[in-house]
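> Protein chains in written order, with this note's numbering: chain A, 1 to 497; chain B, 1 to 497.
Keep in mind that the hints were calculated from the coordinates and are not lab data.
We treat Cβ as the ideally placed atom computed from N, Cα and C, and that holds for glycine.
Check the hints yourself; a few may be wrong.
For each label pair, taking beta carbons as the anchor points, the in silico distance ranges come out as [to be verified]:
1) B:Arg226 with A:Asp83: 52 to 60 Å
2) B:Ser76 with A:Gly199: 52 to 60 Å
3) B:Val328 with A:Ala448: 50 to 58 Å
4) A:Ser76 with B:Leu75: 23 to 31 Å
5) A:Gln407 with B:Lys426: 56 to 64 Å
6) A:Tyr105 with B:Lys426: 12 to 20 Å
7) A:Phe134 with B:Gly272: 52 to 60 Å
8) B:Leu75 with A:Gly199: 24 to 32 Å
2 protein chains.
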Amino acid sequence: MTAPVPRCFRGFRDVFAGDLLLKQRMIETVRAVYERYGFLPLETPAVEFVDVLGKFLPEAGTPDGGIFSFRNPDLSPTAPDGDPDRWLALRYDLTAPLARVVAQYADLQRPFRRYQIGSVWRYEKPGPGRFREFTQFDFDSVGVPGSAADAEACCIICDVLEALGFGAGDYIINVNDRKILQGVLEVSGLAETDIGAEGSQASTVLRAIDKFDRLGRAGVVQLLGRGRKDETGDFTEGAHLEPSQIEKLEAYLDAKVASRSAVCDRLAGLVGSSPIGAEGVQELRDIDRYLTALGYGSDRVAFDPIVVRGLAYYTGPVFEGVLTKSIVDESGQARQFGSVYGGGRYDTLVERFTGERVPATGASVGVDRLLEAMKLLDGARRTATAQVLVTTMDKERTADYLALAQQLRRAGFATEVYLGKGAIGKQLKYADKLGYRFAVIVGGDEFAQGVAQVKDLQLGKQMADSVGSREEWRKGQPAQVTIPLGGLIDHLRGSLA
Amino acid sequence: MTAPVPRCFRGFRDVFAGDLLLKQRMIETVRAVYERYGFLPLETPAVEFVDVLGKFLPEAGTPDGGIFSFRNPDLSPTAPDGDPDRWLALRYDLTAPLARVVAQYADLQRPFRRYQIGSVWRYEKPGPGRFREFTQFDFDSVGVPGSAADAEACCIICDVLEALGFGAGDYIINVNDRKILQGVLEVSGLAETDIGAEGSQASTVLRAIDKFDRLGRAGVVQLLGRGRKDETGDFTEGAHLEPSQIEKLEAYLDAKVASRSAVCDRLAGLVGSSPIGAEGVQELRDIDRYLTALGYGSDRVAFDPIVVRGLAYYTGPVFEGVLTKSIVDESGQARQFGSVYGGGRYDTLVERFTGERVPATGASVGVDRLLEAMKLLDGARRTATAQVLVTTMDKERTADYLALAQQLRRAGFATEVYLGKGAIGKQLKYADKLGYRFAVIVGGDEFAQGVAQVKDLQLGKQMADSVGSREEWRKGQPAQVTIPLGGLIDHLRGSLA
């Protein structure tokens with residue numbers, strides 16, 4: 001047998017401590033905001049039945065409908081494909097499983113407000129910064145019919161981003177209501193106006209508008225008509241709207257102005273007599289009223305008709321949280337991170353199971369994308385979690401090194417004993433690479449004298465970096481000092497103070 | 001199309017807040033101990049190539065080798081099964097992916113000490129408390145050749161269990177060394193003594209001993225001979241050892257005594273002239289010496305020849321952390337939780353990729369199993385994360401309720417506004433069910449007077465439970481009081497103080 005090649009599957013990756021420690025801190029911060037609003041945690045399986053997940057992905061037309069699916073191994077291989085238990089898949093988001101949970105457990109209290117963090121998987125073409133496995137952190141309120149819950153969701157997104165260090169002007173929450181687009185299509189005389197219906201003309205319009213950020217206004221207009229050929233020559237079929245219908249939608253796309261109530265007025269004009277359209281405008285007006293009462297102005301939450309969100313299950317208000325601050329990346333280029341939060345109202349997702357209409361709304365943050373932005377904001381990344389490396393000069397004294405480290409841990413210092421191979425030079429390099437603050441060195445002589453050498457790696461680095469390093473030595477702050485073992489803990493405490 | 005039935009796949013499940021809040025706290029505690037020893041986090045994909053994972057599960061003989069595997073959808077369906085990229089699977093543990101990482105990234109510092117928490121999946125027959133998806137939380141040291149790292153692993157397990165509230169006598173770490181079993185088999189004249197070789201007689205012996213806890217000594221002895229028929233009539237083929245060989249192994253199984261050094265003496269006698277056996281005994285003696293130096297006595301870490309661990313990749317010391325405290329469950333029955341931690345040394349797991357022998361050791365805690373034990377220890381489970389429910393008497397005043405809640409959050413109270421349907425009675429029942437401390441009630445009259453009714457749900461419950469409830473009222477501690485809105489925050493603070 002040949003040796004296996006160590007490798008990851010395409011679109012999957014390993015994440016190391018430099019990123020993960022930041023990610024953990026970020027997750028704690030997000031969780032604290034969700035809990036402040038009274039959300040409770042939920043965990044659901046990674047694997048779900050395909051019919052439970054449903055077909056709501058924008059890429060539902062791609063191989064396997066954008067999901068990683070496999071046959072249920074509990075069933076006989078000859079069981080028919082039509083058997084609803086036949087196909088399993090890795091979840092593609094956390095909302096579809098939530099709808100299942102609400103449908104499955106009749107005794108859940110309502111409103112059911114839960115947060116959930118977890119991996120989701122999408123079978124898409126991977127690209128730079130685009131992975132097939134990524135972490136989402138959602139909050140949702142189920143059993144909440146009014147627009148107050150949608151307004152609250154926008155506040156929560158603001159609170160999270162601000163808790164993470166994004167200030168006013170660094171981000172914007174863009175809000176829209178799908179009912180308005182449906183109203184515009186209705187008054188344009190479109191036959192099929194159900195945006196959620198797979199393959200409908202309305203759903204093609206939605207997908208076209210969803211590409212605004214990437215293709216711009218002209219590209220969207222092409223997709224509203226016959227279609228669009230991209231740079232590689234691939235042709236995407238359009239929605240085949242009439243010119244007059246396209247014109248109406250162009251007015252819709254241009255309806256954004258600075259004031260939320262002015263956007264509502266414009267949209268009210270566009271939806272005219274459409275009842276569903278008017279309903280959507282009223283929902284936005286309510287959201288505006290709540291946000292204004294809470295002091296979330298249009299500098300933080302704006303109304304933008306271009307925002308439609310790709311997932312097919314949204315039924316009313318939709319929103320996204322966008323990082324607008326341009327961040328300079330490692331190669332010195334200014335980058336826009338774009339949308340990190342996405343969400344909206346999905347009043348029919350539970351209904352597909354039970355027939356009962358259960359109003360629900362919530363949002364999801366793309367943790368990995370946000371992490372990328374945080375890393376650039378945060379500057380240097382922490383690596384070490386421990387402060388002290390006890391070096392092992394003399395392997396015969398390993399028990400003593402272990403005991404010394406244990407004392408340091410009990411005194412509150414996170415401590416590692418170097419248990420690998422290699423002489424002191426290699427051990428100090430290791431401590432340095434991991435970002436340890438102190439190396440404690442005890443050799444045969446030191447043991448005999450009851451002392452330890454303590455090397456302050458941070459001070460040592462500063463001294464090496466500074467021209468006045470010799471002066472530092474004279475000032476009596478050398479990077480390496482000899483300390484009696486009995487005074488070691490006090491010395492370390494003093495150095496940190 | 002018929003409506004999908006909301007259901008989980010067999011062996012998978014949903015976990016709700018009562019358990020999850022405890023799980024989160026538990027994970028924080030475990031992480032803090034790992035970090036105190038200088039371990040750093042790592043994340044790897046849920047999906048790996050099957051050849052990367054290797055066949056190390058004790059259930060390798062069951063369908064699909066105990067894992068959930070599926071064809072790589074990036075390859076053509078006609079690609080040959082022999083293509084190493086052909087099969088993907090959900091990881092069955094976190095150790096095999098760690099070995100891949102160490103083999104894949106040449107620039108990783110050594111020792112590489114990482115912790116990882118994550119779901120793992122096993123395609124096994126599910127049963128009560130036995131799930132196909134479960135959470136493991138591992139720590140491992142890679143690039144550490146000596147037994148000090150194994151001893152340290154045992155200390156870490158003790159520290160974790162004690163940090164979680166298990167006292168001395170509530171748990172025991174049982175340690176053994178597979179080299180000793182191999183030595184015993186060697187001096188017994190067995191032809192194939194390689195325990196790690198799939199299908200070898202030695203591996204059958206290992207699997208038999210691994211079942212000691214479930215089958216007892218007599219069952220194991222049957223499996224060492226011809227085999228064993230279980231209650232259902234199913235026959236498990238035995239290792240077909242000679243009677244003299246079985247006798248030798250019975251002496252081995254009986255070698256446990258209270259003192260660690262006495263166990264070593266007995267085992268030394270059994271392995272006789274076998275070099276590998278003597279090596280194993282020496283490793284245990286070293287571990288004993290380190291543990292003794294650190295003050296971890298045999299009341300916390302014992303040596304037990306019965307412990308062999310099921311996974312095929314262990315090469316030397318193996319250990320498990322067992323909860324010995326019997327816990328009374330909800331139905332009043334005394335339960336033993338058994339093994340929650342498992343681990344050991346696996347010096348050849350990286351070698352299978354690169355040919356380089358990289359010594360490594362570590363352990364894994366079964367988070368879900370430990371959680372079950374913690375729940376019974378912890379008594380009542382917390383549900384609410386928030387303290388205050390702002391009830392919504394008058395839907396027209398929703399903006400005011402939202403604003404009031406926001407003030408409370410800014411003052412540090414986790415607060416929910418009730419946004420579901422239902423009158424005040426239903427809202428208070430909801431607050432009660434979720435374990436909220438306070439309900440704030442502001443109706444039309446209260447708004448007019450600038451006051452709020454504050455209901456202390458905990459006090460209300462105490463009063464309902466106590467006979468002297470009328471007396472409490474007289475003492476001026478009623479469960480519901482009227483408070484001016486401007487003094488609400490002070491009142492809540494005062495009630496909590």
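> It remains to establish, for every hint, whether it holds in the given structure.
Consistency of the hints with the structure:
Taking 52 to 60 Å as the suggested C-beta distance range, the pair B:Arg226 and A:Asp83 does not conform, at roughly 42 Å. Look at B:Ser76 against A:Gly199: about 27 Å separates their beta carbons, and that is not inside 52 to 60 Å. Distance hint check for B:Val328 and A:Ala448: the Cβ-Cβ separation is about 55 Å, which falls inside the suggested range of 50 to 58 Å. The supplied range of 23 to 31 Å is met by A:Ser76 and B:Leu75, whose beta-carbon atoms lie about 25 Å from each other.
Distance hint check: the CB atoms of A:Gln407 and B:Lys426 are about 58 Å apart, consistent with the given range 56 to 64 Å. The hint said 12 to 20 Å for the Cβ distance between A:Tyr105 and B:Lys426, and at roughly 18 Å that hint holds. Evaluation of the 52 to 60 Å hint for A:Phe134 and B:Gly272 yields a pass: the beta carbon distance comes to about 56 Å. B:Leu75 and A:Gly199 have their C-beta atoms about 29 Å apart, which keeps the hinted 24 to 32 Å range intact.
Of the numbered hints given earlier, the model fails hints 1, 2; all others are met.
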